[in-house]
Amino acid sequence: MGRYIIRRSLQAIPLLLLLSIFMFLLIHALPGGPEQVIFNPHLDAAGRAALRARFGLDQPLPVQYLVWLRNCLVGDFGYSFATNQAVSAVIAQRFPATLQLFGISLLVALVLAIFLGVISAIRQNSPLDYTVTTISYFGLAMPAFLLGLFLQDIFAVQLHWLPVSGTTSLGYTFDPFNAFLDHLLHLVLPVTALSVLFVAGWSRYMRSSMIETTKQDYMRTARAKGVSPTSRLVRHALRNAVIPLITVVAIDFGAIAGGATITEGIFAWPGMGTLFLDSLQSRDFPVLLAILLLSGFFVVLFNLIADVLYGVMDPRIRYS
Amino acid sequence: MDVPGQINITPSEEEIEELLELTPALVQKRRSQVRIIFDRFIRNRAALVGAAYLILLFFFCFLGPTISGHNQPDVIHPADASQAPILKYPFGTDDVGRDQFARAMAGGQVSLLVGLTSMLAAIIFGIGIGSLAGYYGGIVDNLLMRLTDVVLAVPLYLLLFVLSATFSDGSPRSVIFLIAIFGWTYAARLVRGEYLALKEREYVLAARTIGARNFRIMFRHMLPNAAGPIIVNATLLVGANIILESVLSYFGFGLHPPTSSWGNMISDGQALYELAPWLVFAPGLLIFVTVLSFNLVGDGLRDALDPYMTER
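Here the protein sequences line up with chains B and C, keeping their order.
Note that the working numbering gives residue 317 to position 317 of the first sequence, counting from 1, and the numbers run on in steps of one.
Each number in the working numbering corresponds to the 1-based position in the second sequence with 320 added.
Check the hints yourself; a few may be wrong.
Here are the simulated distance ranges between beta carbons [stated by the list, open to error]:
1) C/D400 x B/I104: 40 to 50 Å
2) B/T83 x C/D400: 21 to 31 Å
3) C/L440 x B/F150: 27 to 37 Å
Hints in this document: simulated from the structure, not taken from any laboratory.
Computed from a prediction, not measured in an experiment: that's the story for all the values here.
Glycine included, each C-beta is placed from N, C-alpha and C at the ideal position.
The task is simple: from the sequences and hints, build the whole structure.
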């Protein structure tokens, strides 16, 4: 098991290196290159030469890459153009909010998808199955921002059941319990908007995976042995049926990140997504590229975790 | 050929027909592969509805302006601004008085065009890379799949936003290019998987034995057999691309005015949502039903193709 983990980790490293090269080339592929972005256009030739030397832009490209890579590994992503703060500080400030939204949405989507997929599968072709499948189709066809807009309009603006945007309402500073409840209420709409798409896709996948699993011979053996239906469902079928789902979730991880950005934009959630959108408007490239690099890193990391999980749950993979 | 002692008992055409008439229950009219798949597709009602809607949508977007007379999406009618849907303006007008019905049709043309063209480009590119990776295997496969992994590693929306903010000029061409550049990865993976499996078939060995060149084997022999999943993926990709383009346009990174697309219309209408909800509902509903139809057709194709493949 340990060897499997080490093997997969080693395979991930060249991927991360390639990713960093890709990002670095992106900076230099921007029209005009980094100079265009940093320098004051009114600078004269001597000033430009001085700035170029200071930023190390006169070095050959591979050297620049290595310097940039070393800085990134240490955590120094440069300074934001808009606020002149260190990029790492800006991102660290916004990270918890996004982690909250992302993590809770992922969990909710997984639980709901597995639940819906399983009940669809065991009650195949029933009205319940048809309802779930139809809702899945609807969820897959709805663009995320549209769903967010409609949810916001119906539940927040028209019905006043839930808050419109942000993470907190005013007036709860001295009351931690109510502040916590209020925060939960603020989470409901963004999490719903973000997870619907993935619940739709994953539940359909779970359904077909579950149907395939229940057709296997070992399920028939379990039933012949007299294993109870619940135990058959949970211990035998479910454990095997979720394994392919891990792959799908890993593939969709990047999509969740993109969806989180859009959802944060619509609900004014103060996380990395809104930071990203604001930086796009102000062309704040250090922040943008740091976010891209970090997201790429997390996607690779998550894929690695998913592979390890796959190995944990399916011993055949470990020993191949 | 005359072999001594062999009796030639091959029946003639008329005799074959007479024999067939004797056993009508066993006669199965020979259908082509395409016909078999088509018949299976027709049996799926949801897919049929989706396909019908798409055909109607194409007529609506491309023939609609000429037939219905609403062919001026950019002309403003200040006197009729912010009208709710009435007979003269079936989708209403926006705050400067543009006919939303005409805009919906023009936007539909653009959205559909962008979706289809980017899908074609992505599929062609994906087939190219996937077939090379799957057929040659080894180091070529390794390198190409690593490349695919790198492109897949960065979240799509984030990368697209950054690239379109810096490079795009808001024309359909740049948007198509951007979407296609990242849409090929799934198709490449799919094609590679298919080719890895098909590589072991006898006809590939036979073709190689008689001296067929590699490219000929890949595209003349293996590709038609791998076509099923590719077609399904292509159909679903159009829906995904339409959504992608609308998201880009909504955030201002896709098509810029005056080119109107459904995403543009939603972002324009969003500001006036309280007073004029039809401005958002019309393009939103259109996007939703269109993507839904593409998904239904894609799933119908998948069901029509798969059982056929395993039947053989």
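A quick look at each hint next to the structure:
no.: 1; hint: C/D400 x B/I104: 40 to 50 Å; verdict: holds (47 Å)
no.: 2; hint: B/T83 x C/D400: 21 to 31 Å; verdict: violated (46 Å)
no.: 3; hint: C/L440 x B/F150: 27 to 37 Å; verdict: holds (32 Å)
Hint compliance for this structure: hint 2 alone is broken.
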